[in-house]
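Now for the letters of each chain:
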Amino acid sequence: VGLAEVEAALARLYTDDRLRENFFADPRAVGAELGLSDGEARQLGSADRRRVELFAESLRLKRLGEVRGLLPRTAAVLGDGELRALFLEFAGDFVPEGTHKHRADALAFAEYAAGRLCGQAREAARFDLAVQRLFFRLDGAAALPRSGPALAVARRDGRRVLLVRPWKSARYRSIQF
Amino acid sequence: MLLENIAYLVDPPGAEMDEAEFVSRAVVESGCGLLLDLTNLHANAANHGYDPVAWLERVPLDRVVQVHVTGGHWRDGILIDSHSQATPADVWELLEYVAARAPVRAVLLERDERIPPIGELLDELDLARAALRAGERARGAR
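These protein sequence lines map, in sequence, to chains F and Z.
Mapping of the first sequence onto our numbering: position 79 corresponds to residue 79, and the numbering continues sequentially without gaps.
Mapping of the second sequence onto our numbering: position 20 corresponds to residue 1020, and the numbering continues sequentially without gaps.
Don't read these hints as lab results, they were simulated from the structure.
Warning: the hint list may mix true and false statements.
Unchecked claim - From the structure, some residues in chain Z lie toward chain F, with a derived Cβ separation under 7 Å:
1. 1009
2. 1010
3. 1014
4. 1077
5. 1078
6. 1080
7. 1112
8. 1116
Just so it is clear, the structure is predicted and the values come from calculations on it, not from any experiment.
The C-beta atom is built at its ideal place from N, Cα and C for all residues, glycine as well.
Let's have the full structure, built from the sequences with the hints guiding it.
Rendered as structure tokens:
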């Protein structure tokens, strides 16, 4: 096993809360699952746990910064504190993959938020989710772009709206009905 | 294509070279430009206990195309690159140091968290311009 594999394992430890917890509890066994030798697992296990946790959190907050821009109604209704708390609760168990990681995060988090929230906040999360789904769909932990036109129905300010994304457009229109 | 120096808290175990050597070799051998994040450098220097100017002396500053600046926050004695605070004076000094040695094409002020009133951001841009001008004057005088 080489340096590239050790760095790949470190990247996974930064982004996967459960794996990190398991690894620091038993570096040798979990290191073997990650393909590391005993020596490499010991070396990685000796890393300053506090620094690893802080870096992991800083990465989650960077993810939050991207998601906040993609889910503007949810962010506005929840406010910074509640959005942050809910995202941190979500982010440790979801590791986005692929070339559209922020979109995957936004889709998965909006689904999570819609399931956890109620009232106006739930409506906002479902609206943002409907908008994101006009452009991308979640396939496992990856977001795949949609190529064709798309339609969705959502609620905004208590009223139903039709969301329309024309063919190949980067924008959408909303029609109240 | 530009390579950016990142903020990191843990040295990769078994690393074959330090960050300055890695950045220099990657930039020189690939032929790409350098996106120099001075706040990342400032945070790394604080967290790993090295001199940021000594780091700058080891990387090819003539390859710098763009510079990023912002401020982070301290937590448990560690400086986190959170893009949440005003750019500290140490970072403006680093910008002046770089501008005195290489033409910087652009400076980007990054802010993702705790975004202040626009007036405070404009004040920061003035500080960036002042650091650039001071550096350029020093470079012209060499």
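Among all the numbered hints in the text so far, which are the ones the structure does not match?
-> 4 and 8
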